[in-house]
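A.B. asks: Residue strings, one per chain:
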Amino acid sequence: MMGPERSVGVALEGIGKRYGSAWAVRDISLSVGAGEFLSIVGPSGCGKTTLLRLVAGFVRPDEGTVRLGEQPVNDVPVRERRVGLVFQNYALFPNMTLYENVAFGLKAQNRSATEVRRRTSDLLEMVGMADRAQSYPRQLSGGQQQRIALARALAVEPRVLLLDEPLSALDAKVRNSLRFEIKRIQRDSGITMIYVTHDQEEALSISDRVALMRKGALEQVGTPIELYSDPCSLFAADFIGVSNLLKGESDGEGGFLWKGHRFILETPVERGPASLMIRPERLFLAPEGVAGANVIEALVQGRVFLGPITRFSCNVEGEPLLLDLLNVAGAGLKVGERVRLHFEPSDSCVLQDLKETVPEGVN
Amino acid sequence: MLKRSFFSSLIILYFAFVLAPLFLMLLGSFGEKWFGTLLPTGFTLDWYSQLFGKAMYVRAMLMSLWVAALTVLFNALVSIPAVYAIHVSGSRKLRTVFDFCMLLPIAIPPVVMGLGLIQAFNWSGFSLVGRWQLLLGAHVVYTLPFMMRPLMSNIEMIRWSLLEEACLSLGVSFGTMVRRVLVPNLLPGLLSGALMTFAMSLGEFQLAVMVTGSATQTFPVVLYQAFYVNTGFACAATTLLVLVSLMALTGIVLFGRSFSSSISDINL
Ligand SMILES: Nc1ncnc2c1ncn2[C@@H]1O[C@H](COP(=O)(O)OP(=O)(O)OP(=O)(O)O)[C@@H](O)[C@H]1O
Ligand SMILES: [Mg+2]
Chain A
1 MMGPERSVGV
11 ALEGIGKRYG
21 SAWAVRDISL
31 SVGAGEFLSI
41 VGPSGCGKTT
51 LLRLVAGFVR
61 PDEGTVRLGE
71 QPVNDVPVRE
81 RRVGLVFQNY
91 ALFPNMTLYE
101 NVAFGLKAQN
111 RSATEVRRRT
121 SDLLEMVGMA
131 DRAQSYPRQL
141 SGGQQQRIAL
151 ARALAVEPRV
161 LLLDEPLSAL
171 DAKVRNSLRF
181 EIKRIQRDSG
191 ITMIYVTHDQ
201 EEALSISDRV
211 ALMRKGALEQ
221 VGTPIELYSD
231 PCSLFAADFI
241 GVSNLLKGES
251 DGEGGFLWKG
261 HRFILETPVE
271 RGPASLMIRP
281 ERLFLAPEGV
291 AGANVIEALV
301 QGRVFLGPIT
311 RFSCNVEGEP
321 LLLDLLNVAG
331 AGLKVGERVR
341 LHFEPSDSCV
351 LQDLKETVPE
361 GVN
Chain B
364 MLKRSFFSSL
374 IILYFAFVLA
384 PLFLMLLGSF
394 GEKWFGTLLP
404 TGFTLDWYSQ
414 LFGKAMYVRA
424 MLMSLWVAAL
434 TVLFNALVSI
444 PAVYAIHVSG
454 SRKLRTVFDF
464 CMLLPIAIPP
474 VVMGLGLIQA
484 FNWSGFSLVG
494 RWQLLLGAHV
504 VYTLPFMMRP
514 LMSNIEMIRW
524 SLLEEACLSL
534 GVSFGTMVRR
544 VLVPNLLPGL
554 LSGALMTFAM
564 SLGEFQLAVM
574 VTGSATQTFP
584 VVLYQAFYVN
594 TGFACAATTL
604 LVLVSLMALT
614 GIVLFGRSFS
624 SSISDINL
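From first to last, the protein sequence lines stand for chains A and B.
No gaps in the numbering here: position 184 of the first sequence is 184 in the working numbering, and each next residue is one more.
No gaps in the numbering here: position 149 of the second sequence is 512 in the working numbering, and each next residue is one more.
Hints in this document: simulated from the structure, not taken from any laboratory.
Accuracy of the hints is not assured; some may be wrong.
Claimed, not checked - FRET-style restraints, in silico, Cβ to Cβ:
1. 63(A) - 614(B): 31 to 37 Å
2. 172(A) - 448(B): 37 to 43 Å
3. 107(A) - 379(B): 53 to 59 Å
4. 45(A) - 464(B): 32 to 38 Å
5. 169(A) - 386(B): 49 to 55 Å
6. 169(A) - 455(B): 25 to 31 Å
Unchecked claim - If you only want the chain B side, here are some residues facing chain A, beta carbon under 7 Å, derived:
7. 400
8. 526
9. 529
10. 531
11. 532
12. 533
13. 534
14. 535
15. 541
16. 544
17. 547
18. 548
For each residue, glycine too, the CB sits at the ideal point set by N, CA and C.
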């Protein structure tokens, strides 16, 4: 019998996987600490699922090494990896009750009957499904099925839990509550989780770190705050959150030229074409009479109410600029109004998207 | 309105074609004489007592049931691994071969197959022709697609490859996976395949008439011969065949239901 072992970290060392002549993922090096919650985000087809399946062992890397803890597992079959899986479409066993679904893996491990019973009940309790133990999967909603899938995967005490878009088939409300429940379970059990999602907001809200993928490669890995406030490329800035990207030019002396403006940068960057990123909530209305360098005249053209904030789209000489304002008393702009927008140098970020010229062939 | 009455008359016509002959057979089996009249005349149970009285007919019926039951068994034993392998491999080529094989029994008339079997298994000194084993083989080959097809759509519908991945990640052994997950979830397909192939084997005539001998004749063969002897008797034999067939099929359904009640919502 396998004793309960603490969860372990995962290390990918120069991983590559090819389908035919196209690389699904290539040159991926990434390490996930024991007990860490890492999300993988990226556009469709960028290789998220492939990466997860490499860790699970369904796919063998053509290059590189996968390690669970210290152990290289390239040659270890899925059955022996002790890596749990939660799928987008639940994949519960339709012929078994919820109880049997959760108990199935434990029985396969030849645990004692009392232990199977105790652990199964504990897990059903943990995911809040104890009262439905005797139901069949088809009698449950998607959210409930996913809870059972989670319990089933955790029952056998995997060393790492992999989740592939577990919430994307659910409606927004359930998705929102379940994501925090997954986070809670992860924190309580201290298990290492790798969580694939295409929803960057979901990733930012629950992860310790986020890995952003693009065309089979890692674009940026970091904490949610790092990714949000300090994206490494245009792609990252565009994918994570909402941003204004002003295409202009750095003058090499701490200034950024855009449509006749010269914005002051926090730190000078090399001369050349670049983009300046400013998040919509980092733009402010400039107080009357203040004439600073980082002030832009704009015309309010549209507004979208988003609950706590309103997002205004402003026009600056034909370029749209987004501005978020909190919906507090006295705030708000009228469409057609002329405004002066202002941002702090530290709230902007110059991006020279070197990766834009990545050689093709990386799919 | 017009459309509706058109469709209902189509349905009535359909039932008339299916049920009228059966009904006439039933009438005929109780009639003393049926010659030159629209309906049989007189009432008798003689035909049935003759049917059960003669060893030859009882033996033929038992032979039919035996071959049909084994046909279902062998079909299942061949089809489950085959369907599993094709599905799990995910290979396009295998799938194409599969689809092609599914067409064979429709494309090749049984009479051609029967002749081929006689050619292939009839050597001087040793011949399989006339033995029930050869008929069994012929029936398995002939009905196999009708077992494979529902199993194939079953395994695709339950998205087996995902269930298998779930099993693997739980560390479940292959044997346990097959016993506790694969087979139980294939029961609906197995059931409809069993119904189909059992009924086909039980009523199959062309192959049976060619490859069986006097000791191994199946019921449809003796039934056909009986028609030349006596209409009433043949009617009774037909009625019995239909009855046995219906009973067996009901039995298979009930048997299957008792196992697959939990997944009875899988409809094929
Ligand atoms: N079994 C396979 N055979 C051939 N190509 C594959 C296979 N699996 C994945 N690919 C290719 O590898 C690339 C990455 O696919 P992958 O499924 O990992 O993307 P993903 O990021 O999970 O996308 P999504 O968000 O749509 O799920 C894609 O171009 C895909 O076409
Ligand atoms: Mg995917």
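A.B. asks: All the hints need checking, so say for each whether the structure fits it.
C.D. replies: Structure-based check of all given hints:
One distance hint, 31 to 37 Å for the beta-carbon pair residue 63(A) and residue 614(B), is violated here, with the actual separation near 58 Å. In this structure the hint that residue 172(A) and residue 448(B) lie 37 to 43 Å apart at CB holds, the actual value being about 41 Å. Restraint check, residue 107(A) to residue 379(B): a C-beta distance of roughly 56 Å satisfies the suggested window 53 to 59 Å. In this structure the hint that residue 45(A) and residue 464(B) lie 32 to 38 Å apart at CB holds, the actual value being about 35 Å.
Separation of residue 169(A) from residue 386(B) is about 52 Å and conforms to the stated range, judged on CB atoms against 49 to 55 Å. Against the hinted window of 25 to 31 Å, the Cβ-Cβ separation of residue 169(A) and residue 455(B) comes to about 27 Å, which satisfies the hint. With a cut of 7 Å, the hint placing residue 400(B) at the interface with chain A is violated, because the nearest CB-to-CB distance is about 57 Å. With a least beta-carbon distance of about 6 Å to chain A, the hint placing residue 526(B) at the interface is held under the 7 Å criterion.
Given hint, residue 529(B) at the interface with chain A, holds; its Cβ is 5 Å from that chain's nearest Cβ, closer than 7 Å. The interface hint given for residue 531(B) holds, since its Cβ lies 4 Å from the closest Cβ of chain A, which is under the 7 Å cut-off. Below 7 Å, beta-carbon pairs count as interface contacts, and residue 532(B) has one with chain A at about 4 Å; its hint therefore holds. Against a cut-off of 7 Å between C-beta atoms, the interface hint on residue 533(B) holds, since the closest Cβ of chain A lies about 3 Å away.
Contact between residue 534(B) and chain A, as hinted, is supported at the beta carbon level, the nearest pair being about 5 Å apart and thus within 7 Å. The restraint placing residue 535(B) at the interface with chain A holds, with a minimum CB-CB distance near 4 Å, inside the 7 Å limit. Taken as an interface hint, residue 541(B) does not check out: its beta carbon lies about 13 Å from the nearest beta carbon of chain A, beyond 7 Å. The beta carbon of residue 544(B) comes within 6 Å of a beta carbon in chain A, closer than 7 Å, and the hint placing it at the interface holds.
The restraint placing residue 547(B) at the interface with chain A holds, with a minimum CB-CB distance near 4 Å, inside the 7 Å limit. Hint on residue 548(B) holds. Least Cβ distance to chain A is approximately 5 Å, under the 7 Å limit.
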